[in-house]
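Between the sequences and the hints, there should be enough to build the whole structure, so can you do that?
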Amino acid sequence: MSRKKTVKLKIVDHRHCRTCGRAIPPDKEFCSEECRKEYERVTMREEKMKKMLWIMYAVMIGSLLIVIILRAMIH
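Under my numbering, think of the first position of the sequence shown as 1, with each following residue one higher.
One or more hints might be untrue.
Said to hold, decoys possible - Computed spacing ranges between beta-carbons, pair by pair:
no.	residue 1	residue 2	range
1	Lys28	Trp54	25 to 35 angstroms
2	Ile11	Glu38	43 to 53 angstroms
3	Arg71	Cys20	52 to 62 angstroms
4	Met52	Lys4	52 to 62 angstroms
5	Arg71	His16	52 to 62 angstroms
6	Arg36	Ala58	28 to 38 angstroms
7	Cys20	Ala72	51 to 61 angstroms
8	Gly62	Ile11	48 to 58 angstroms
9	Arg71	Glu38	42 to 52 angstroms
10	Arg18	Trp54	17 to 27 angstroms
Unchecked claim - Calculated pairs, DMTMM-like style, for lysine to aspartate or glutamate (alpha carbon to alpha carbon, straight line, at most 25 angstroms):
no.	residue 1	residue 2
11	Lys10	Asp27
12	Lys48	Glu33
13	Lys48	Glu29
14	Lys48	Glu38
15	Lys37	Asp27
16	Lys28	Glu47
17	Lys28	Glu46
18	Lys48	Glu34
19	Lys28	Glu38
Calculated directly from the structure, the hints in this document are not laboratory data. No residue lacks a Cβ here, since even glycine has one placed at the ideal position from N, Cα and C.
Written out as structure tokens, the structure reads:
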């Protein structure tokens, strides 16, 4: 019977860029300054969107409470 020879490949210690996914050394987070700036820009935009959503929720709940209170006062 023939045996298949298996080759074990060793993967070099690395991590991936947070923006583009390229393999980079383990001590870095981004492959380039451009990727770092893009990550920061996207992160800031996401934080703004979260704040806007919380403000919209607060306005909607506040409006609902005002309507409920005014209806209770009229009746």
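A quick look at each hint next to the structure:
no.: 1; hint: Lys28 x Trp54: 25 to 35 angstroms; result: holds, 34 angstroms
no.: 2; hint: Ile11 x Glu38: 43 to 53 angstroms; result: violated, 27 angstroms
no.: 3; hint: Arg71 x Cys20: 52 to 62 angstroms; result: holds, 55 angstroms
no.: 4; hint: Met52 x Lys4: 52 to 62 angstroms; result: holds, 58 angstroms
no.: 5; hint: Arg71 x His16: 52 to 62 angstroms; result: holds, 56 angstroms
no.: 6; hint: Arg36 x Ala58: 28 to 38 angstroms; result: holds, 33 angstroms
no.: 7; hint: Cys20 x Ala72: 51 to 61 angstroms; result: holds, 56 angstroms
no.: 8; hint: Gly62 x Ile11: 48 to 58 angstroms; result: holds, 54 angstroms
no.: 9; hint: Arg71 x Glu38: 42 to 52 angstroms; result: holds, 50 angstroms
no.: 10; hint: Arg18 x Trp54: 17 to 27 angstroms; result: holds, 25 angstroms
no.: 11; hint: Lys10 x Asp27; result: holds, 19 angstroms
no.: 12; hint: Lys48 x Glu33; result: holds, 23 angstroms
no.: 13; hint: Lys48 x Glu29; result: holds, 23 angstroms
no.: 14; hint: Lys48 x Glu38; result: holds, 15 angstroms
no.: 15; hint: Lys37 x Asp27; result: holds, 18 angstroms
no.: 16; hint: Lys28 x Glu47; result: holds, 24 angstroms
no.: 17; hint: Lys28 x Glu46; result: holds, 23 angstroms
no.: 18; hint: Lys48 x Glu34; result: holds, 21 angstroms
no.: 19; hint: Lys28 x Glu38; result: holds, 16 angstroms
Hint compliance for this structure: hint 2 is the single one not met.
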